[in-house]
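Make the full structure from the sequences, and use the hints.
Residue strings, one per chain:
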Amino acid sequence: MYSNSTDTLDIASQLPKGLQALMHKAQDAAHSIADAALQRRSFLKVTTAGGFALGAFPLLTQAQTMATAGAPAASSLKPTQQPSAFVRIDRDGTVTVTINRLDFGQGVQTGLPMILAEELDADWALVKSQHGNADPAYVDPAFGMHLTGGSGSIKNSYTQYRELGARTRAMLVSAAAAQWGVDAGSLRTQQGVVIGPGGKRLTYGELAEAAMKQPVPEAVTLKDPKQFRIIGKPTGRLDARAKSSGGQSYGIDVRLPGMLTAVVAHPPVFAGKVKTLDEAAAKAVPGVKAVLRVPLDRGGEGVAVVAEGYWAAKQGRDALKVEWDSSGVEKVDSAQQLASYRALAQKAGALKYNGDISKLATAPKKISAEFAFPYLAHAPMEPLNCTVQLSGQGADAKAELWLGTQMPGLDTLAASKALGVAPQNVKMNVQMAGGGFGRRAIPTSDYVVEACNVAKAARGAGLTAAVRTLWSREDDIKGGYYRPMHVHRAEIGFNEKGEILGWDHVIVGQSILAGSPFEAFMVKDGVDGTMVEGMKEPYEIPMRLSVHHPKLNVPVLWWRSVGSTHTAYVMETLIDEVARGSGQDPVAYRLKQFGSKHPRHTAALQLAVDKSGYGKRTLPAGRAWGVAVHESFNTVVAYVVEASVKDNTPVLHAITAGVHCNLAINPTSVEAQIQGAALMGLSMCLPGAAITLKDGVVEQSNFGDFPVPRITDMPTVAVFIVPSADAPTGLGEPGLPPLAPAFANAIAKLTGKPAPRELPFKLA
Amino acid sequence: MPTLNINGKDLAVNADESTPILWALRDTLGMTGTKFGCGAALCGACTVHLNGAPIRSCITPISAAAGQKITTIEAVATDRVGKAVQDAWVKHDVAQCGYCQSGQVMSATALLKANAKPSDADIDGAMAGNICRCGTYVRIRAAIKDAAQTLA
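Protein chains in written order, with numbering that gives the first Met the number 0: chain S, 0 to 763; chain L, 0 to 151.
I should point out that these hints are in silico values taken from the structure, not numbers from a laboratory. On a predicted model such as this, the values are computed, not experimentally measured, just so you know. We put the beta carbon where it would ideally sit given N, CA and C, even for glycine. One or more of the hints may lead you astray.
Computed, partial: chain L to chain S, Cβ under 8 Å [unchecked claim]:
1) I72
2) D92
3) D123
As structure tokens, then:
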């Protein structure tokens, strides 16, 4: 069952192994796109001269101006450091900040502009935000590739956006100094205005054109955090009104002249192919323009129905008569898979930690536990979609794409390859996305390549309009790229004081990174780093940890907080069990373990404990406290929860969160991310939260059989942030991992049994 | 060609009358504020009002709305209750990805039109058909209570 026949990822074979190599490749592609990007900039300049955007402030750097004029670039600043790519100031003072990430709900659309506006001394009321694209300026400065992931948007771009703001401010000040004939050092700035001797004032809007001609300073002095007036202030999202009134456009809302919609019939088993096709009934559906066989992800094949609008395309797909060929393709059965995983977990695999477990056998107290976690779908509310417009022929062939994507650079390469269009002729229009949780960061670019193949086939059939390929919810739930299924086995020996004498641990689960371009960078000695993250730390445990990575015909992917979705559950329920098994309070036990080495863990937990009233307040009858603490993406989140069990059904009533994310750029956004991530953590616990396969076919199809939490499942959530002025850490994901174990620890207290060993919870 | 009364205007819709209202709005009329989430009345993203009552437009055919009044997210703020709900949504910074929020606002508006002082249970009951995968439910509750106070 563990064949690797279908595990070869298309893009990976085209890229050098390893993330470093990948980065170079992505960077090369990005640089080859740079010509086109510069042309776009010069276009801006032309329109400025032509009066269309007169007074706009595309801060062309000297280097770029020279490059546009044909002279070699000579700035020591990288594209990621050039204000021209990130800031535009209109004559009326409006400041538009380009974000180098996808906003799919996490709030960087507001957070990154706050950081830049802080150092710019902008008037926040005049700040707007827009998405970047696959231009080299918009790579993640830490990874060197286009990436929204790893909770890194604010963390990795904090200094970058501060410097961009400070550079822009310096250019505005220089322009004012030149105009007034005074020394720049005598000027100050405040809320979008440069203020000079005698109270003279020039607004940023008035200075924009002159500032554009000032040299871009390389070194800038940044503010002391004590001077911050935008950063750290609770701030509403810039898109709050648009998103409350139907005015926000997403990828799915893109409309182009004559645009067609494609719905694709996917094989019921991953990598299946079309054996026979009867398209007559589909073609008879009014509005259907073409029925096309198209290559799919993993070497599969599907049938695209291209029509005027989704409904006609969907009716057409429903009318298709397809016989599928699933021969030679592994057909996974979840029950058998679980049994195989449990068998594998009995023996050690590839070693991650090789701690001394010799005292385990003779330890006075023992825990023997086995855990099972199912596949999970991301199910973002906006169904996956990608719109592709093709034009030109041969070397002049061009493609333009519209989609919400976390990796527009890799998607550009994938589209280029699928379409036979040079990378510099592929234009990415990154759209606001209706959620993602990892599903829009695909090393294989699965749905992007699919949309490209559909558009290519449609053009071959004489259809020249743009084609939007749109997945139904059923396509999404059945479409793979799940959080992998896992089995954990733990043997723990400890003593009456709760000292852990030995911990033997095995994890079984598919590798997310194997076969992907990230493999060589993050898979070491046979251990996928994303599977073991969150194990052991911060506890000092003599642990032997090993893993097995079976290969199966089910595509897997990172799911909000990745490995910590399961490792935090195992660690934090077992630590609680050791505490209770040695007669200690779970909070006191953890604080003792953190000691002086982990002050952020201590601070987060202590804050949650103090604010919740844990240990001081008497809970209503039938309720119990549950606690868990976990660090992921450099942020520590502690939850103290209140839960009850009614008719064998666990109910979560209240969550108190202590969050240590260093400096909170926007506390309103931090609160929202913790509320949301906590609920997604709860989603793993609720009945039915599992993707299962039988005969290779996914058994779930929509929110009816893959339920996600509703308002009736939502506990109260109180979020508290540990004050800090240190550079910010991740926030989009860290709120998820500790929720399920905190809930489970409360259940353990209520039932007197160990915490549930399976997610979703099955108590009966 | 069927005609629909949408936001107070009679509009000719070039679609078969079995077509769900959702796709007539989005693909035929270009009104994209109403969202596609599940196509099976399971998530509420497509909620519009039919004669003031919330319906799932993804499973309601055009024919079911003949001679009746449809209100969508684009026009709900022309109504006092709808405006109060939208303002409360902004004040409480409810949206994250925002994709489900058109439907949430439509359901909340319908609730407050029918029940000016909803209890916590009333709110949960009326909003249980609207999924938010980002998990904005805490703020949705707060915003509905705030809008109810504003309107009182």
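Cross-check of the supplied hints:
1. Given the 8 Å rule on beta carbons, the hint for L/I72 holds: about 3 Å separates it from the nearest Cβ of chain S.
2. The restraint placing L/D92 at the interface with chain S holds, with a minimum CB-CB distance near 5 Å, inside the 8 Å limit.
3. The criterion of a C-beta within 8 Å of any C-beta in chain S is met by L/D123, whose closest approach is roughly 5 Å, and the hint holds.
Violation of the numbered hints given earlier is absent; every hint is satisfied by the structure.
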